[in-house]
Amino acid sequence: MRTANILQLGIKELRGVARDPMLLLLIVYAFTLSIYTASRAMPETLSRAVVSIVDEDRSPVASRIISAFYPPYFLPPQLISHAEMNSRMDAGIDTFALNIPPNFQRDLLAGRSPEIQLNVDATRISQAFTGAGYIQSIVSAEVSEFLQRYRGATAVPVDLTLRARFNQQLNKSWFGSVNNVISMITMLSIILTGTALIREREHGTVEHLLVMPVTPTEIMLSKIWSMGLIVLVASGFSLVIIVQGLLAVPIEGSIPLFMVGTALQVLATTCMGIFLATVAGSMPQFGMLLMLVLLPLQILSGATTPRESMPQIIQDIMLAAPNTHFVILAQAILFRSAGLDVVWPQFAALLLIGAVLFYFSLRRFRRFLR
Amino acid sequence: MIAPPVVRLDKVGLFYGQTRALDAITLDIDAGRMVGLIGPDGVGKSSLLSLIAGARVIQEGRVEVLGGDMAGAAHRRLVCPRIAYMPQGLGKNLYPTLSVFENVDFFGRLFGHGRREREQRIAELLASTDLGRFADRPAGKLSGGMKQKLSLCCALIHDPDLLILDEPTTGVDPLSRRQFWELIDRIRGERAGMSVMVATAYMEEAARFDWLMAMDAGRVLATGTPAELLDRTGAATLDDAFIALLPEEKRRGHREVVIPPRAVGAADEVAIEAEHLTMRFGDFTAVADVSFRIGRGEIFGFLGSNGCGKTTTMKMLTGLLPASEGIARLFGKPVDANDMEVRRRVGYMSQAFSLYGELTVRQNFDLHARLFSLAADTIAGRIEEMARRFDLVAVMDALPDALPLGMRQRLSLAVAMIHSPEILILDEPTSGVDPVARDGFWQILSDLSRKDGVTIFVSTHFMNEAERCDRISLMHAGKVLISDTPAAIVRKRAAASLDDAFVAYLEEAAGATEPAPATDAALPSPEAAAERPTYKSIFDLRRMLAYARLESLELRRDPIRLTLALVGTVILMFVMGYGINLDVENLSFAVLDRDNTSVSRDYVQQIAGSRYFTEKPPIVSHDELDRRMRDGELSLAIEIPPGFGRDIARGRRVEVGAWIDGAMPSRAETVRGYVQGMHAQWLSEKARQLYGRAAAAGDFQLVIRYRYNPTVQSLIAMVPAVIPLLLMMIPSMLTALSIVREKELGSIINFYVTPVTRSEFLLGKQLPYVLLAMLNFLLLTGFAVFVFQVPFTGSFGTFAAAALLYVVITTGMGLVVSTFMKSQIAAIFATALLTLIPAVQYSGMIDPVSSLQGAGAFIGQIYPATYFMTIARGTFSKALDFRDLQGVFLPLVIAIPVLLGLGVALLRKQET
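These protein sequence lines map, in sequence, to chains R and Y.
Following UniProt numbering, the numbering of the first sequence begins with 1 at its first residue and continues without gaps.
Following UniProt numbering, the numbering of the second sequence begins with 1 at its first residue and continues without gaps.
Extracted from the complex, chain R is given alone in its bound form:
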């Protein structure tokens, strides 16, 4: 294996990318505008939730409850009739519908324990649970405040002081923006390396390389370093200029350490790209495989929904995916300012995944060349 060959072949790859202005434009878009837009669009878990209220009581306590819903968590509630409630939920207009029954205040004061009904559109899972919890505590607070003013305290004097660490406001765009960078890293490094290999095959240039003193290992390594470099530069730029600069996400941890982690992630995903390319015979097949791989990587890595709540088997399968480890180390380094002593298992996992994928793709690549 000669380093000079790896270097030269890699430079060749870089020149090829530079020759495709549309591709360059897409790379720039992916790491700037796309991340910016996605992070800006991202709502709080409960943001501007649509709630409507059927007020059949029209009492002081009912109007207290109604006035307690306001932005940013909720849009100002619509007052609707009982008949409208079902059709509005069916049409997907309302996520929550609160039904205050007739004589609620009277029954409340008489200790008859009246029922308020909260209808939740459970197909919108992301808001359903948290929203229901919020509404429950808002209604409870309003009712108990009303009671207190009405006739003195009977409540237990315990306050719960909730503090969120590492991201006090629970600003979703903080992690969301980093998560978007991670998605782009994965997407770009798989696409660039995979297509680089397949293109050589489709244009017959691999055969040409193999009559020269170049080994398959050198061909693969050259693609990994060159495409990895593009991704690494783009993600570094995106993290510092877009995420830290434009989106003003406070990053507590060490960016150099994170970039080392990113390099490992890029290593693993570029190897994955090569592996997929050796599995796929042609560009269209690669496109298919890509979609089938990107989607779970994006959604099940623990960045979109928490890993803890996935079924155990999915959690175990996803341990084989580099993104899972990268998401963990990104959260730890960037927001909890963890050091190498904390994230070394993730670093090791990425290295291992990269090595295994590299080994298998090399074997497949060699067999393909036979």
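Everything labelled a hint here was simulated from the structure, so no lab data went into it.
No false leads were slipped in.
To be clear about the criterion: a stretch of chain Y counts as covered by chain R if any three or more of its residues have a C-beta under 8 Å from a C-beta of chain R, and this derived list gives those stretches:
| no. | region |
| --- | --- |
| 1 | 656-663 |
| 2 | 819-828 |
| 3 | 871-878 |
Not close to chain Y: a few residues of chain R, all C-beta gaps over 12 Å, as computed:
| no. | residue |
| --- | --- |
| 4 | Asp55 |
| 5 | Leu79 |
| 6 | Trp225 |
| 7 | Leu232 |
| 8 | Phe237 |
| 9 | Ile241 |
| 10 | Ala248 |
| 11 | Ile255 |
| 12 | Val260 |
| 13 | Ala263 |
Which bits of chain Y does chain R cover? Going by a derived footprint, with three or more residues having C-beta under 8 Å, they are:
| no. | region |
| --- | --- |
| 14 | 344-352 |
| 15 | 363-370 |
| 16 | 627-636 |
| 17 | 715-729 |
| 18 | 840-853 |
Note that the structure is predicted; figures quoted are calculated from it, not measured.
We put the beta carbon where it would ideally sit given N, CA and C, even for glycine.
Given chain R's structure and the hints, the job is docking chain Y onto it.
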């Protein structure tokens, strides 16, 4: 009566960037003639032909073909059924996965022939080109010459009035070449009015044309019949006449190639040796028992019909293909694919152009020099030297794809020689190279062989080149027929020329193995030919279906892709439906209990007992709390102050502290909700204990009804959302490559020169994928309902109708991407960006669109997945039908014509 000219050129000019390719060409070409374009590589022959064929946008001047201006789209549409164009390059307009028959059949369909007529014509064309035996072989597996013949069949299927052939016989063996021209002659005999324009590098072919135009540097040097040209130049052969016509500076340096005889005794050392080499692909024997020995410094010629195994033999010699049997030796050592030392001593040039199109000529040189580890300080000099030798100095900074075929061949050759190899293995190195350059090239070979002792193993179809070799082998159907000096071979057959001897050998061998090719098969009868099918010029269903059929055949030939699209999505739907769960459970928490009384333990028990939290060992200090949260071990830490139980009993205010890991906000939000809920519940229970009935006065129940998914299973909630996601990503990726791939591989030319309109082309390409996506839809829905037991409560008809609209949109999105991207890489990337991010983040799968902000909210509102997701959830979970959802259909209905219009607007019907 004099027929009007078939082609009329008036001051036609063309630029590629800054380079002038054609310079004010004014010329009339009479109808019914066979016109030859001759000239060195890169003088504008191909550009001129593509302008006449209507494949390229006219920049300057006026091109009139068949009585109309080719600048007008209406005229082009009118006459293109009467023009047939066969572009340069080996089978560039063919579809490699389609069989020989299907390729011709596709063209027949494009030109609207009925089934019987098509089958008859195809049978005749294949028989007369001797391709009948290979009717079922994929075009990609044909040899170069066979591809050319197939290309011609495709061009001839619709009885053109004007046949434009751009170097049609490049890389075709002499026998096939003869058959080829006989075929053209017969067609002309039967269709008297047909005009033929041919660009060729073979002067012996040009000699039989009616009229020639010699071109150089974008201008016409001379026109006239071959006899006139010979007269004018006083030359004996057209080769010489052509050279004489060239301007002085190009002629200079050209001289007859004379290869000195080899020194006696030079053959002692054997450089290349093959012993009983055999290669089998399945049950097909490509090379059977081939043996030869080539001495150092010898020029060894390899001749044979197309597809006879020459290339395979060469690949075995280079180690690219391991031989099934037998052994190949270079310098006495068996060929070992992993031996880098041998590779350094060998230069190989393959038949198909295989240099990097994305690198300039200079960069290609540089890369190869470095890969062969030439000393860094000698590289620049060596590149200069090769560029001068092969006359590439002027194009050093051009991209190879922009160069004419002949120049690319020279470049490949120069690159193969950059490291001064001791053995050169050259697979048809001079195909498509003009005579002057060819002579120059042979001069180089001569010098290398005689002066430097380089061994040269070369295959060729040019007889005058074969005559220059020290020895030649004739190969046919995998076997070597004869191996001797050229003179001895001519003597043995008692033939007039090597060409005749060669054809005689081949005909004998072909006769021995199979019935002679039906060269006299009847061609389409004139009556049938006269019946030109009628076309609808704007939209013709048959043409659209021709493309639809082509696309579905290509899809069927790729079962892996088909399986991935269908089975892959089902697996993905399950994994995602099962895996995405927003009902967060098993959150880790620990307590710093500074009170440690029964009351505080009761408080903790409230949390630990819930299914949402898992208790970890208690925390003992603030530092530990800090560390364990930083490590990410704890999602929640609770701190209970000292005196908690006592203070509650006394009615004093106490404060419980809770820290949540905010690094992942959505999880933190959920934790916060849970903790608040549990705290409130504990309070009311405690209140009931402490104050008894008095507390009940404030009691009320908040009854939460989770509608549409009462058990809150994520599969039920997620599957209706995952189906739109998958139907967005998979169909659009399927179509995203369909056009850009044709652009990259060259077959887009068929769209340029056939009567297909843009909408026919787009819809034809889309149709098979819409059907596949609908199949995918049914499969996904079926699995969701019957296997994953997700209840379907609404109107299936509504859901299916929406799905149809939706997949038309998603396949259309892929096509739009495909129309304006230039490379497959960019198309894949753009499709991934365009589908994955918006479909996951902006279309309401996880966060409702109403809660999005900024540009994301706008994207969510115009993105089709948003609407289909509403319909999918409505029909799956909410028992809705069309009446409830009709408003949501509207955006989908609007999107379809918008995308089609965009595709049509972005698609170019001509090369620019």
